[in-house]
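Visitor: This is what each chain is made of:
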Amino acid sequence: MATGIPLAVPLRRRRSLVSLAVGAFFHGLALSAVVVGVMVLGALLVDVLRKGIPHLDWQFLTSYPSRFPQQAGIKSALAGTAWLMALTAVVTVPLGIGTAIWLEEYAPRNWFTRLVRLNIATLAGVPGIVYGLLGLALFVRWMGLGRGVLAGALTVGLLVLPTVIVASQEALRAVPDSLRQGAYALGATRWQMVAGVVLPSALPGILTGVVLALSRAIGEAAPLIMIGALTFVAFLPKTPLDPFTVLPIQIFNWVSRPQPAFHLIAASAIIVLLVVLLLMNSIALWLRNRYQRKTEW
Amino acid sequence: MGLLLLACGLVSLLTTAGILYALLSESVLFFREVSILRFLTEREWTPLFVEKHFGVLPLASGTLLTTLIAMGVAVPLGLLSAIYLSEYAPERARRILKPVLEVLAGIPTVVYGYFALTFVSPLLREWLFPQMGVLNALSAGLVMGVMILPMVSSLSEDAMLAVPRALREGAYALGARRHQVALRVVLPAALSGIVSAVLLAVARALGETMIVAIAAGGQPRLTFNPLEGVQTMTAYMVQVGLGDMPHGSLEYRTLFAVGTALFALTLLFNSLGIWVVSRWRQEYR
Chain Z
1 MATGIPLAVP LRRRRSLVSL AVGAFFHGLA LSAVVVGVMV LGALLVDVLR KGIPHLDWQF
61 LTSYPSRFPQ QAGIKSALAG TAWLMALTAV VTVPLGIGTA IWLEEYAPRN WFTRLVRLNI
121 ATLAGVPGIV YGLLGLALFV RWMGLGRGVL AGALTVGLLV LPTVIVASQE ALRAVPDSLR
181 QGAYALGATR WQMVAGVVLP SALPGILTGV VLALSRAIGE AAPLIMIGAL TFVAFLPKTP
241 LDPFTVLPIQ IFNWVSRPQP AFHLIAASAI IVLLVVLLLM NSIALWLRNR YQRKTEW
Chain E
298 MGLLLLACGL VSLLTTAGIL YALLSESVLF FREVSILRFL TEREWTPLFV EKHFGVLPLA
358 SGTLLTTLIA MGVAVPLGLL SAIYLSEYAP ERARRILKPV LEVLAGIPTV VYGYFALTFV
418 SPLLREWLFP QMGVLNALSA GLVMGVMILP MVSSLSEDAM LAVPRALREG AYALGARRHQ
478 VALRVVLPAA LSGIVSAVLL AVARALGETM IVAIAAGGQP RLTFNPLEGV QTMTAYMVQV
538 GLGDMPHGSL EYRTLFAVGT ALFALTLLFN SLGIWVVSRW RQEYR
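Protein chains in written order, with the numbering used here: chain Z, 1 to 297; chain E, 298 to 582.
Just so you know, the hints here were simulated from the structure itself, not pulled from any lab data.
As the structure is a computational prediction, the values presented were derived from the model and not from experiment.
Be careful, since some hints might not be right.
[Said to hold, decoys possible] Label pairs and their computed distance ranges (CB to CB):
1. 61/Z with 338/E: 47 to 53 Å
2. 236/Z with 485/E: 18 to 24 Å
3. 46/Z with 321/E: 43 to 49 Å
[Stated by the list, open to error] Selected chain Z positions facing chain E (Cβ under 8 Å, derived; list incomplete):
4. 59
5. 61
6. 62
7. 95
Using N, Cα and C, we set each Cβ at its ideal position, and we do this for glycine too.
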């Protein structure tokens, strides 16, 4: 049949030419949508680098904020971000992985489990600033933790909890059932099966989720502003109850000032924030590649 | 061990309960002093002035305006990107472009705020709208749209990838061209996932805070002119949060009243998004 003889009458051929043109146009349109996204990302990065690099030096990293942009630095913001990340990890990692294990390995199929699942999906969509109100009412006022790092970490920890849960659930679901049955066949209890077989296999996926959640946590400013994190801090937090600031709040503070000189050092701080995020994501990628090679089924 | 894990699961339920309790308990105290009718119908929002008005409409219109602008960017660009990635892109291009778009989703919102204020706004003022103020709804909304784009695109792409090959091949066998397959077969078949993606993106835009707090302005204004500065609900909350608010003051309680309104709005769109998928999803097997 493949004779290549055009069966179409001229009218049809003209229509097919039109459709060819429409097709090419649409292809170009769809491609340009992706290109717009990529170009905006490029413009953002170039703009930040161009404005932020000149002021980025050792002195900027090791100085406290100042009224004078030339002397201002991000020492307290870096320390606060490190504190917040560590405490957030302590709060959210066990809770998130525990919830995921319960949902995937233990929970019976009933209305209660469905409620917990639905609840997690709903919580994932609650705006960060509303978590800030929760933190303000619950941790700062009711539990009397004050405006310290701990109150901030608890707030942000709850905020990113759904991310950890969902990523861990996916990692657990990817572990084949034959491994579970193998463990049971050897006489393992459910917990021995989970801790000895399922968790190690799911670990790379879970770690990726944790890093993802933590990188969201260190970019958050709104919930921390609501619980009253300070915008000008000229000391380092020594205990979990001490007041603190973080990089995004420091950036917000500098961007909101009218003087352009502060906008430039905001760009420098943004570079530091983006580098931290890049490092974290590279670590996650490295961990995943390293562990995934070992386990293949 | 099972009980301990169950306790972890309970924390998420307690979080929801805590959010509801915190929001409602303070809002009730607020609405004892300011009637709900005043809150919903007054046309001015000046709780921090001497002459106080408590009409949430200007804040709501600010939120609505920036959200509409953002969706005007994110929906067409996100859908087209999804169609390109799932129907057109060669494997190699896909492997590069998809992570790049995902980077857009990972950038902290305060960075987007900086970008809107110091790059997009001056650019628009120089080339298109010289009479526009530095702080305006347009640049905040546009940048917010770019931030949400990856969310629309990746959720829609997931829905499109779930459409079975057989459907596409059937259409190709009937002589359809690629754009016809994309628009008349894949798009309708993935519609529930796409609608859900858009609804979830709306919820995200309504609650977005730092971009609008930095770049949209600080004046509550009942307007739909994108060239003016507006204050959104979230931006108002940041403004109060930055100040010293005495616990128990009316000012402190406005936070929770506005927060409750915002929570109700986002909950509505999120639930709709979740519901659309569970109710209308086509299972192909």
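Visitor: Hints first: check each against the structure and report whether it holds.
Guide: Okay, the hints, checked on the actual structure:
Against the hinted window of 47 to 53 Å, the Cβ-Cβ separation of residue 61/Z and residue 338/E comes to about 52 Å, which satisfies the hint. Checking the proposed 18 to 24 Å range against residue 236/Z and residue 485/E shows it is violated: the Cβ atoms sit about 58 Å from each other. One distance hint, 43 to 49 Å for the beta-carbon pair residue 46/Z and residue 321/E, holds here, with the actual separation near 47 Å. The beta carbon of residue 59/Z is not positioned within 8 Å of any beta carbon in chain E (closest approach about 22 Å), and the interface hint is therefore violated.
For residue 61/Z, the interface hint is violated, since its Cβ never comes within 8 Å of a Cβ in chain E; the closest pair sits about 18 Å apart. Hint on residue 62/Z is violated. Least Cβ distance to chain E is approximately 22 Å, over the 8 Å limit. Given hint, residue 95/Z at the interface with chain E, holds; its Cβ is 5 Å from that chain's nearest Cβ, closer than 8 Å.
Hints 2, 4, 5, 6, counting from the list given before, are not met by this structure.
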